[in-house]
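First to last, the sequence lines map onto chains A and B.
Quick note on numbering: the numbering used here labels position 21 of the first sequence as 21, and the sequence is numbered without any gaps.
Quick note on numbering: the numbering used here labels position 84 of the second sequence as 84, and the sequence is numbered without any gaps.
Please note that the accuracy of each hint is not assured.
To be verified - From chain B, some residues computed to sit far from chain A (all C-beta separations above 12 Å): (1) Glu8; (2) Ser17; (3) Arg52; (4) Asp55; (5) Phe59; (6) Ala109; (7) Glu118; (8) Gln138; (9) Thr146.
To be verified - No more than 20 Å apart at the CA atoms, straight line, and that leaves these computed lysine to any residue pairs for SDA-like: (10) B:Lys42 x A:Lys8; (11) A:Lys8 x B:Asp6; (12) B:Lys42 x B:Ala67; (13) B:Lys42 x B:Asp6; (14) B:Lys42 x A:Ile83; (15) A:Lys8 x B:Ala111.
What the hints contain is simulated information worked out from the structure, not anything from laboratory work.
It should be emphasised that the depicted structure is a prediction, and the values quoted were computed from it without experimental measurement.
Where a beta carbon is used, it is the ideal one built from N, C-alpha and C, also for glycine.
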Amino acid sequence: MKPDEFEKALARIPLQAPPPAWRDEILESARNAAIPSRPLRIDASPSLRSLLEAVFRRLATPWTALATVAASAVLLNATAQFIAADGRSTRPTALGADGPSFADIVRNHRSEVLALLNPDESDSETPIPANSPIPQPAGKPRSQVQPAGGRNPEQPIPSNA
Amino acid sequence: MPASDDLERLYDAHAPSLYAFALTLTHREADSRDLLQDLYVKLARQPDVLNRVDDERAFLLRWIRNAAVDLFRRRQSREHLGEALAEQIASPFAPAADADDQAFRAALAEALFELPEEQRAIVQLKLWEGMTFDAIAQLLEIPLNTAASRYRYGLDKLRHRLRPLYEELR
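Take the sequences, apply the hints, and build the full model.
Rendered as structure tokens:
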């Protein structure tokens with residue numbers, strides 16, 4: 001295939017060269033990228049000890065940080081346990097081992113409720129049995145109370161016709 | 001790794017062609033620079049890669065083309081086509097002192113940009129690198145006939161697009 005005039009004319013057009021300043025920059029970055037990173041030095045016949053030494057030496061900072069965090073956690077835990085044990089022995093608690101039982105608390109609450117409902121008897125020294133029913137106020141049940149001037153709900157509604 | 005002076009030799013021998021090819025493919029100066037820099041970094045990291053290569057230029061042109069294709073793929077998911085077209089097209093041709101010549105080169109750069117990527121690459125390699133269809137077919141890993149027909153299609157489009165201006169300047 002022989003090139004025609006048009007092809008020859010196109011082929012004669014010179015191409016653009018990269019800016020001269022790029023040469024040093026590109027070569028510099030290529031040289032920097034080619035510098036090999038420090039290899040992990042392990043003996044030719046690696047024993048477990050030499051392997052661990054190599055790993056710990058290479059990652060000394062992360063291992064130190066991890067050890068510091070672990071030691072801090074242990075110390076905090078021990079301090080918290082010591083403070084809790086010390087506080088339990090000196091401070092009284094509402095529900096400690098020597099405090100009232102749950103049944104006593106319920107009984108006291110029950111008597112307080114009764115006192116509120118029957119204020120006249122609240123001053124009496126008569127002890128209230130623990131399992132006596134709570135007295136209800138006297139009177140009709142609410143469903144049987146007829147409102148004053150109102151319609152008896154049990155009577156049929158008179159029709160207008 | 002290639003010695004420092006070897007890297008310099010590779011740059012001086014091939015960088016202009018590689019850069020122009022990258023510009024033809026990407027039409028962006030920044031992308032072309034990135035491709036060029038990545039290529040030389042890769043060369044520095046792979047010391048023996050050119051030892052068994054017969055045609056250094058063809059080998060490096062293939063690297064640039066593959067890197068450009070990767071770049072297009074990465075970019076396709078992020079960019080809208082309209083944004084890419086709206087950008088200034090960087091010409092792969094040297095600026096001309098004469099205004100008419102400069103106008104023709106600008107029109108040629110634009111017409112090249114409108115070709116499909118596979119035709120654009122072949123036109124560039126054939127016209128400005130002077131490669132044979134056989135070499136182009138090997139470089140792009142396509143059949144020889146495909147390389148020849150794509151070149152013909154691409155050239156016909158350029159001719160059709162640039163004929164008025166070309167006739168005027170003759």
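Structure-based check of all given hints:
{"no.": "1", "hint": "Glu8", "verdict": "violated, 6 Å"}
{"no.": "2", "hint": "Ser17", "verdict": "violated, 7 Å"}
{"no.": "3", "hint": "Arg52", "verdict": "holds, 20 Å"}
{"no.": "4", "hint": "Asp55", "verdict": "holds, 19 Å"}
{"no.": "5", "hint": "Phe59", "verdict": "holds, 17 Å"}
{"no.": "6", "hint": "Ala109", "verdict": "violated, 10 Å"}
{"no.": "7", "hint": "Glu118", "verdict": "holds, 18 Å"}
{"no.": "8", "hint": "Gln138", "verdict": "holds, 18 Å"}
{"no.": "9", "hint": "Thr146", "verdict": "holds, 15 Å"}
{"no.": "10", "hint": "B:Lys42 x A:Lys8", "verdict": "violated, 35 Å"}
{"no.": "11", "hint": "A:Lys8 x B:Asp6", "verdict": "violated, 34 Å"}
{"no.": "12", "hint": "B:Lys42 x B:Ala67", "verdict": "holds, 11 Å"}
{"no.": "13", "hint": "B:Lys42 x B:Asp6", "verdict": "holds, 14 Å"}
{"no.": "14", "hint": "B:Lys42 x A:Ile83", "verdict": "violated, 62 Å"}
{"no.": "15", "hint": "A:Lys8 x B:Ala111", "verdict": "holds, 17 Å"}
Of the numbered hints listed earlier, those contradicted by the structure are 1, 2, 6, 10, 11, 14.
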